[in-house]
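Taken in order, these protein sequences are the chains called A and B.
Just so you know, we're using my numbering here: the first sequence kicks off at 78 and counts up by one.
Just so you know, we're using my numbering here: the second sequence kicks off at 78 and counts up by one.
If you're looking for bench data, these hints aren't it; they were derived computationally from the structure.
One should not assume that every hint holds.
Since the list gives no way to pick out one identical chain from another, each pair is judged satisfied if it fits inside one copy or across any two copies.
List time: in silico SDA-like cross-link candidates among lysine to any residue, alpha-carbon distance up to 25 Å [unchecked claim]: (1) Lys226 with Thr146; (2) Lys226 with Glu174; (3) Lys274 with Asp205; (4) Lys274 with Leu183.
Protein chains: 2
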Amino acid sequence: MTRIALKSSVLAHNDAIAGRLRARLHERGTVCLNIIGSPGSGKTTLLEAVLPQLAERFRCGVVEGDVATDNDMRRIVTLGIPAVQIETGGSCHLTAESVERALGDLSGGLDLLVIENVGNLICTVAYDLGEDDRIVVVSIAEGEDKPLKYPSAFVSANTVAVTKTDLEPYVDARVEIMVRNALSCNPGLRIFPLSAKTGEGLGAFVGYIAGKLTNR
Amino acid sequence: MTRIALKSSVLAHNDAIAGRLRARLHERGTVCLNIIGSPGSGKTTLLEAVLPQLAERFRCGVVEGDVATDNDMRRIVTLGIPAVQIETGGSCHLTAESVERALGDLSGGLDLLVIENVGNLICTVAYDLGEDDRIVVVSIAEGEDKPLKYPSAFVSANTVAVTKTDLEPYVDARVEIMVRNALSCNPGLRIFPLSAKTGEGLGAFVGYIAGKLTNR
């Protein structure tokens, strides 16, 4: 009981800060995406593929969450896109408080704020980060059954990117079945199968985000 | 402070049960492996590949941990190997208590008990399950940088299986660099690159486990 009560109060505290953060981002006209996925699902690689295209028209910024290293932040900064790192030092998810604090280091006036969460398909789900859109990134190499085995992430999200579709011929998993399994968790999902390597499907995903930015 | 104190007491409680469980397994001559890895790293597929070979000589049993579904348990039972499912209902790791309870449903007299943990490379690390050997499963498709980004799992383990090596030609990651990165976290690791699909490297991994069972 103590654990459950504490958990609720931690989440209520997070939700309050997330609400404040969302309101502030909306005031500034910033669209916020929270990217969730397993380690190695291709979150940073996807950002490397889409952000340069978006940055031609919009002011973009990234918050990178990792248990250790600032490697991902450096990959984004190399593209000329401002990014800050939250190194959680063991913690398995970002909190709205950690994002709010990190935002102080990003210059204001962003059109798009992308938060790349810690690689974790479970614990990240419970923490609202003030986002407008929650995007689950899942690679076809992880197997088509992942939505069924980790349903909360897919239920809580608006959007799914099925990454590494170029690997489909070499793995025992079909993109079509992955999509069907994700929709069985949440029929309202927008799903983008894509490959950052070949570029297949990237245009639709970029178009979707650009549409959100244009129609603010 | 409250959170940290609670966490310590939760872990101390877990460690006490894990110690009791380890002692009981040793009394019965059972070797216990705790398999940790990201969603889709290939944990169940690896077990499907190695357990039938081990089951020819040893009595094997499996505890399957999942957030949702008993799909993995059914995959093991299909092989004629006894398995029980712990469906955590949202929790991101197994505890020694949940394993101890589940063991009541597995017939005694096992030579080898394999615990397949929940797909999570972070939260599973802190929970001793009474194992003799902790094996991290990481696929080459996740990227060669994963040991650097999730070091605790590699520091806490004895053994690593680098899976899906058949995908190496199709991904921007090298097995050799993955091995080097894992050893930089923990120079004492035994590392087995392997492919459950082609069978490459499986013999060495099966031989390693068989050796542990023979030299009990």
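Here is what the structure says about each hint:
Only between protomers do Lys226 and Thr146 lie at most 25 Å apart by alpha-carbon distance; the minimum there is 6 Å, versus 29 Å within a single protomer. Taking identical chains as interchangeable, the C-alpha atoms of Lys226 and Glu174 lie at most 25 Å apart only when they sit on different chains, with a minimum of 22 Å there against 29 Å within one chain. In this homomeric assembly, Lys274 and Asp205 never come within 25 Å of each other (Cα to Cα): the closest approach is 30 Å inside a single copy and 39 Å across copies. Proximity of Lys274 and Leu183 under a CA criterion of 25 Å is satisfied in neither setting, with 29 Å inside one chain copy and 46 Å between copies.
The structure does not agree with the numbered hints 3 and 4 stated previously, though it agrees with the rest.
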